[in-house]
Every structure is written in structure tokens, then in C-alpha cells.
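Visitor: For reference, each letter of the sequence shown is one residue, going 234 to 669 in our numbering.
To be clear, the hints were calculated from the coordinates, so they are not data collected in a lab.
Don't take each hint at face value.
[Said to hold, decoys possible] Straight-line alpha carbon distances no greater than 20 Å define the calculated SDA-like cross-link-like pairs of lysine to any residue that follow:
(1) K441 x G585
(2) K526 x M416
(3) K441 x K584
(4) K344 x E320
(5) K333 x G351
(6) K666 x E607
(7) K659 x E494
(8) K520 x Q437
(9) K419 x G351
(10) K657 x E490
(11) K346 x K441
(12) K419 x K468
(13) K657 x I496
(14) K346 x M365
(15) K346 x D319
(16) K584 x P509
(17) K500 x K666
(18) K520 x K500
(19) K468 x P487
(20) K419 x L356
(21) K377 x K441
(22) K344 x L334
(23) K453 x K526
(24) K520 x V382
(25) K419 x E363
(26) K346 x A368
(27) K666 x E501
(28) K346 x I523
If you're wondering where the values come from, they're calculated on a predicted model, not measured in any experiment.
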Amino acid sequence: MGSLSSLRLLRRSCCRLRRRSPSFRSDNSAAAAAPRPEERARLQAGCLWGMEGEEEEQEKPPPPPPPPPPGSTTYPAIQRVGIAVDETNVLPGALQLIRKLRPQWETERVKTKLFTEGITNKLMACFTDENMRDAVLVRVYGRKTELIVDRANELHNFQVLQGHGCAPNLYCTFENGYCYEFMPGKALGPEHIRQPNIFRLVAQEMAKMHRIHTNGSLPKPCLWHRLYKYFNIVKNEFVRKASNLSLHQEVHIPSLEVLEEEIRWMKEHLSQLRSPIVFCHNDLLSKNIIYNKAEGRVRFIDYEYTGYNYQAYDIGNHFNEFAGLNEVDYNLYPCKELQLQWLRYYLEAYKGLSQEDQGEGSKSRGENGAVCEEELESLYVQVNQFALASHFLWACWGLIQAQFSTIDFNFARYADIRFKQYFKTKPAVTSLKMSK
């Protein structure tokens, strides 16, 4: 009887394993999706016509994603697709994903657009509607970006933001990226985010994100962990290696000892400013802001670096981005008058938002949104001093990207610019004093 029971249990286990295991089979759909030579010129322009390919068999359900971090809200499982997309040739893999996500689409009607502004990942839109209202975005992780981005945390934070109405729908993940909903609107440039009608919306949207609560946990700022992590990669991966001396010479950075001392100084000094720990975007450059004129609002995109951090860091980092990315000009850094106007909009929204507004179920309204001059000046000082940490972090990030990224961008020069701005502005901003 014992032997018979054991045999039955073994059979059940085998059945469960067969149901749960993803199917690994030869698939010629990638070859079918690959463009013919005469089509490549049109593909570069962003459109694809006449693609043909047989319908694929439906794969068995993929395994569920890992559980969310301890103490966090549980979110629905994200669909997983067992496809890896070639970072250097996104199109074939993107079309494979679309056939799974949008099987009703006629392949000959699918058009694509490759976005070229990103400097960390590759991004392609697939759509059938001329206005891209039905577009699915395929985001492919850049080479070695796992060194600087916690991908599991990114997906979790994506779901957190989606649950609070701050992010689009997340459709699926694949081996080296994910697919999500396209948000209609205009990706802004540095010239837009200094316009009062726009930066008022940006300040209000940031306040909304900062009001996302921690479900009773006491979050720690991600700044110091991330800064030390990047610095250690810089130190261990290539600065001390003779094979990379050419990069070291191209970027005029101080010694490792000086840089390490600067990090220690920042942690000691900035931690004393008492900036609140809030849920931050941490990478709010202009292209990560989508303006929808019809709705009269902005939305933020790209959540790779999202996480709990100092309130003043998120704002200071955004102010640094007024200088632009491809042609950095720190003469465009916002003057004090503009900053105070921006910060007033932010504080009014931040103080006026209730937990109920953020879906937390509380009926308390809290403060009425009134802002006094003292707190405005204090936030101004905090923001400009935390902007130093932003320069330092993205300088280290640029050195890492210069070593590994395949994207056509001069990361070494960018790192050089950010280090120089850090040391140039440090004396002036550290002389700013907060009100007692």
C-alpha cells in the first residue's frame, strides 16, 4: 500500500512539473519576423509594412514572478514571456512579443518606431493606429545595466506607481526587458520645464509621487547605498586597471581617495539637513516628463532609479536637469526666483494632499497647503545642497556606462562635466544656511 501511494504521489508530482515548466522549443518566428534587406531603410524611419509570419502555438503559462519585498503591498503577478530581445536589433524580438500580447493585430498593419533619446535602454513602440493610441512599448535593458539598476525593484516600484495612478499599465516582462502601455503626450525638453505653466504641473505631480506611503515601514534613503555601489564599481572595475587608463585620462577626475572622502563628507553633512524620506523618481530629466495638453497634466516615465530617498535630492536632481543632457549648459540651472516659485507650487500640493487622495483610506486632510517663507527658504537650501549628491552620483554612473554601454553617447565626457560642476558649486551651496 505504501509503495502504491508513493507511486501515485510521484505521478502527481510529474504532472505538476509538466504543467509548470515553460516550453523550450525551436521557434522560427524570429527568422520570419526579420526584415528583408530592402525593408531596412523603411524600418530605420520607424515604419514596418508587409511583415509576414505564421501564428505561434500558445505557450504554457509561465511561472509567477518573485514575491514583493517584505512589508510591501502584494500586487498581481506580471505575465512573463520567455523571449530575449537582441539589444542591437530590437525589431524581430519586439514583433515576437507583439504577436503574444496582441494576437488580434494583423502583422502587415503593425508599424514601429525606435526611440533614440534614451541613454540606458533601447525603446521601441509597436502600433497600428496612426496616432499611436494603441501603442505597446518594448523596453530592452542596456548592456550591463544590471550593475547600476535593480531590475526586480524597478518592476515592483512600477506596480506601486501604477497602483497610485502615477504609471501606465505594465503588460509583461521578458528575458531582458518589459512591455508597457504608451502614454500619449509630448516628451518635454529643457526649454519646456522652465515655463511656469509646465513646472507648476511638474511640481504637483512630484508632490503626488512623494505622498505615496510606506505601509507603516520606516524606509531608508537609497542614495548612500547607490552612491557607494557606483563608486565601488568605478574603483574596482576599471580605474585601477591598466587596460582602461585611456578612459581615466579622458576624464579629469580627482584621486580615488579624494572621491571617497567627498562621499563621506556628503553623507555626514547632507544627513543632518533633516530632509524627509519620500518615494522619489530620482531621475527626472525633461525627457522623462510627458505633457498631455488635452488633459492639462504631466506624467513621469522611466522608473529604473525610483525608490525611497531624500525629498530634497529628488527636487535638486530635477533642477540639475534644467541644464540638458546632450549639450549640457549649467547657465540654464534655475535661478533662485524660479526655484522659489517652483518650490511653492510643490509645497502647496504636498501639504494639501491627504492620505485619502493617495488611496490610503484616511479621511484626514492634514494641513491646508499654506506655505510660510521659513519653510520655503529651508527647502531651497536643502535642495541646492542635495544637488551636489546628484552631480556626484551621475558622474560615477557615467564612468560605468562609458565602460559597458553600447549606446552612442559620450558617457566619459558627461561624467567629466558632472564632476566639475560638483566641485565648482560646492563652496557656494554649502555656504547657504537654513533657518533655525
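Visitor: Hints first: check each against the structure and report whether it holds.
Guide: So, going through the hints one by one against the coordinates:
1. K441 x G585: Holds: K441 and G585 sit about 10 Å apart, inside 20 Å.
2. K526 x M416: The hint holds at about 12 Å.
3. K441 x K584: holds, 10 Å
4. K344 x E320: holds, 19 Å
5. K333 x G351: With a Cα-Cα distance of about 26 Å, the restraint between K333 and G351 is violated, given a limit of 20 Å.
6. K666 x E607: holds, 12 Å
7. K659 x E494: Holds. K659 to E494 sits at ~14 Å (cutoff 20 Å).
8. K520 x Q437: holds, 17 Å
9. K419 x G351: Distance ~15 Å between K419 and G351 Cα, so the pair holds.
10. K657 x E490: holds, 19 Å
11. K346 x K441: violated, 31 Å
12. K419 x K468: violated, 39 Å
13. K657 x I496: holds, 16 Å
14. K346 x M365: Holds: K346 and M365 sit about 10 Å apart, inside 20 Å.
15. K346 x D319: holds, 16 Å
16. K584 x P509: holds, 13 Å
17. K500 x K666: At roughly 18 Å apart (the allowed maximum being 20 Å), K666 and K500 satisfy the hint.
18. K520 x K500: It is violated: about 29 Å lies between the C-alpha atoms, which goes past 20 Å.
19. K468 x P487: holds, 12 Å
20. K419 x L356: Cα-Cα ~16 Å, so holds.
21. K377 x K441: violated, 32 Å
22. K344 x L334: Roughly 15 Å separates the two Cα atoms, so the pair holds.
23. K453 x K526: violated, 36 Å
24. K520 x V382: With a Cα-Cα distance of about 19 Å, the restraint between K520 and V382 holds, given a limit of 20 Å.
25. K419 x E363: holds, 16 Å
26. K346 x A368: holds, 10 Å
27. K666 x E501: holds, 16 Å
28. K346 x I523: holds, 17 Å
Comparing the model with each earlier hint shows violations of hints 5, 11, 12, 18, 21 and 23; every other hint is respected.
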